[in-house]
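In the working numbering, the protein residues as written are 135 to 381.
Hints may be right or wrong, so weigh each one.
PhoX-like cross-link-like pairs, simulated, lysine-lysine; straight-line CA separation at most 25 Å [claimed, not checked]:
| no. | residue 1 | residue 2 |
| --- | --- | --- |
| 1 | K373 | K269 |
| 2 | K206 | K352 |
| 3 | K269 | K186 |
| 4 | K255 | K192 |
| 5 | K373 | K276 |
| 6 | K255 | K163 |
| 7 | K186 | K170 |
| 8 | K255 | K373 |
| 9 | K170 | K192 |
| 10 | K352 | K380 |
| 11 | K269 | K299 |
| 12 | K192 | K169 |
| 13 | K299 | K380 |
| 14 | K255 | K186 |
| 15 | K163 | K175 |
| 16 | K380 | K269 |
| 17 | K186 | K171 |
By construction, these hints were calculated from the structure, which means they are not laboratory data.
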Amino acid sequence: MAQKTSTQSIEEYREMLQDGNPAELFEAKGEDLWKKKRGPKNASLERCDLGKGPGVVKGAFVELPRYFADTKRVQDLESRVVTCMETLQGLNAEEIANTPFGRGEQNNVTALATWIAAESKGMRFNLPQSHAEEKEFYEVGKRLFFKRGGAHDFACASCHGEDGKRIRLQDLPRLTGNPGDGVGFAAWPAYRVSNGQMWGMQQRLNDCYRQQRFPYPKFGSDATIALGVYLGVNAQGAKSIVPAIKR
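Produce the complete structure using the sequences and hints provided.
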């Protein structure tokens with residue numbers, strides 16, 4: 135019998151874990167947080183507009199990041215959730231943005247993003263590009279993707295700009311085009327088995343910058359959202375498998 139490739143072995147490992155994916159716990163917490171009255175205004179998030187109208191969750195994730203007229207900026211899922219936490223519940227958006235990942239309200243943002251994203255599982259990405267800001271963010275994201283810098287002179291494209299790249303035992307998807315269903319952008323938020331944490335796209339991008347030896351970007355920065363637009367538009371038509379499970 136032919137030997138299994140390392141990629142096949144990793145995929146089998148993920149399939150075995152998927153049945154008991156701990157992300158389900160974050161989903162349940164996120165749904166509870168969405169409906170629970172919290173904050174100085176003692177309100178729930180059930181009127182939060184994620185781009186498809188107040189309170190509409192299903193299908194919102196696969197159309198984010200997008201432009202929002204009320205904030206006059208392009209926002210991804212996590213930054214939009216924080217906007218709703220501030221406007222509807224009275225929580226301090228700046229304090230949340232400055233809270234390290236995995237602590238305090240950032241944990242709640244991750245749980246909310248996990249549940250919201252899971253409501254669009256199996257749906258295909260279709261990010262809007264009709265507004266001038268959305269188009270500009272795509273072009274900025276593209277430039278950032280190929281921008282080299284840091285102590286190692288790395289760019290996002292150093293790992294994800296062509297086929298056949300890998301790190302340790304893991305193949306690295308090419309993200310300059312559509313890598314396929316549930317790959318790259320279409321797999322986050324995801325549960326990280328190696329550290330027992332749930333990661334949203336903001337933390338995923340933050341860690342990529344860490345590995346490139348760049349300064350950490352601020353949570354919800356235009357740079358991270360622009361990269362999300364670039365990756366999300368490139369993933370057009372790909373099916374979301376969120377919440378995924380990662381090594």
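Against the structure, the hints come out as follows:
1. K373 with K269: 22 Å, holds
2. K206 with K352: OK: K206 and K352 at ~19 Å, within 25 Å.
3. K269 with K186: 19 Å, holds
4. K255 with K192: Distance of about 9 Å is within 25 Å: holds.
5. K373 with K276: Holds, because 22 Å separates the two Cα atoms, which is no more than 25 Å.
6. K255 with K163: Within the cut-off at roughly 17 Å; holds.
7. K186 with K170: 21 Å, holds
8. K255 with K373: 8 Å, holds
9. K170 with K192: 19 Å, holds
10. K352 with K380: 24 Å, holds
11. K269 with K299: 29 Å, violated
12. K192 with K169: 15 Å, holds
13. K299 with K380: 18 Å, holds
14. K255 with K186: 16 Å, holds
15. K163 with K175: 20 Å, holds
16. K380 with K269: Violated: K380 and K269 sit about 31 Å apart, past 25 Å.
17. K186 with K171: Cα-Cα ~22 Å, so holds.
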